[in-house]
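S.K.: Heads up: the sequence lines are chains A and B, in that order. Count along the first sequence starting at 1, add 23, and that's the number in our numbering. Take the second sequence: its letter number 105 is residue 99 in our numbering, and every next letter is one higher.
Calculated from the structure, these hints are not laboratory results. One thing to keep in mind: the hints can contain errors.
[Said to hold, decoys possible] Listed below are several chain A residues computed to face chain B (Cβ distance under 7 Å; list not exhaustive): (1) S47; (2) K65; (3) G66; (4) F69; (5) T88; (6) S120; (7) F124.
A quick note: this is a predicted structure, and the numbers were derived from the prediction, not measured. Think of the CB as a built atom: it goes at the ideal place given N, C-alpha and C, for glycine as much as any other residue.
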Amino acid sequence: EDQVTQSPEALRLQEGESSSLNCSYTVSGLRGLFWYRQDPGKGPEFLFTLYSAGEEKEKERLKATLTKKESFLHITAPKPEDSATYLCAVRPGGTASKLTFGTGTRLQVTL
Amino acid sequence: KAGVTQTPRYLIKTRGQQVTLSCSPISGHRSVSWYQQTPGQGLQFLFEYFSETQRNKGNFPGRFSGRQFSNSRSEMNVSTLELGDSALYLCASSLEGGRGNEKLFFGSGTQLSVL
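Please work from the sequences and hints to get the whole structure.
M.R.: Shown next as structure tokens:
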């Protein structure tokens, strides 16, 4: 059974204080690992897809990396608007679009 | 391009009632998935439809059902509501075929409260 574990559950940073979020996974035939951002009262918003170990993707202050067992979301010099819950999900091989999600990391960035 | 639209945004029901939620995917997207999100369990997969056929189903009781229409719009139904069904129900759509088309686009969800 596919499993995704995210840590920490919650993280409080000061503006400009860089950090990393962790996503550990087990999946049968990884077809993709996804990072989403979710704001309160809204649906998850897509950030990145990673396909194979060693791959990296960047967007503004966010950088996602992937190994065979885990993924990291690095946040460089965060701003208060980066406050959100960050979700990691995996899609197994095959045609179905089922994603298995972790329970997320709640990030709060303060001034 | 319009995003995924879910209606209604909020629903309040009582135990034993049934409810129908609606989802309109992004134009051109033929795959529609439904997820239940609760504070304790996170997002859990309910089912996925592609070209009006259920392609995959999660571990939920038979009270949860869905369907997809020829225009790709989808509905999910929950019968005999229980208190534990209170959750945010999210619909997501995606393109199919080829690398890069696997990402899901989510709607804002329907917040269901069962009293």
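S.K.: Classify the hint on S120/A as holds or violated, based on whether any CB of chain B lies nearer than 7 Å to its CB.
M.R.: Status holds, d = 5 Å.
S.K.: Would the hint on F124/A stand, with a C-beta cut-off of 7 Å toward chain B?
M.R.: 4 Å, holds
S.K.: Was the hint right that K65/A lines chain B, CB cutoff 7 Å?
M.R.: The hint holds - K65/A has a Cβ within 7 Å of chain B, the shortest such distance being about 5 Å.
S.K.: Given a cut of 7 Å on the nearest C-beta pair, is the interface hint for S47/A held or broken against chain B?
M.R.: Hint violated; S47/A Cβ to chain B Cβ min 15 Å, cut 7 Å.
S.K.: Hint G66/A vs chain B: min CB-CB distance below 7 Å?
M.R.: 3 Å, holds
S.K.: Can we keep the T88/A interface hint, with Cβ of chain B closer than 7 Å?
M.R.: 18 Å, violated
S.K.: Once the shortest beta carbon distance from F69/A to chain B is found, is it less than 7 Å?
M.R.: 5 Å, holds
In the structure shown, a violation is registered for the earlier hints numbered 1, 5, in ascending order.
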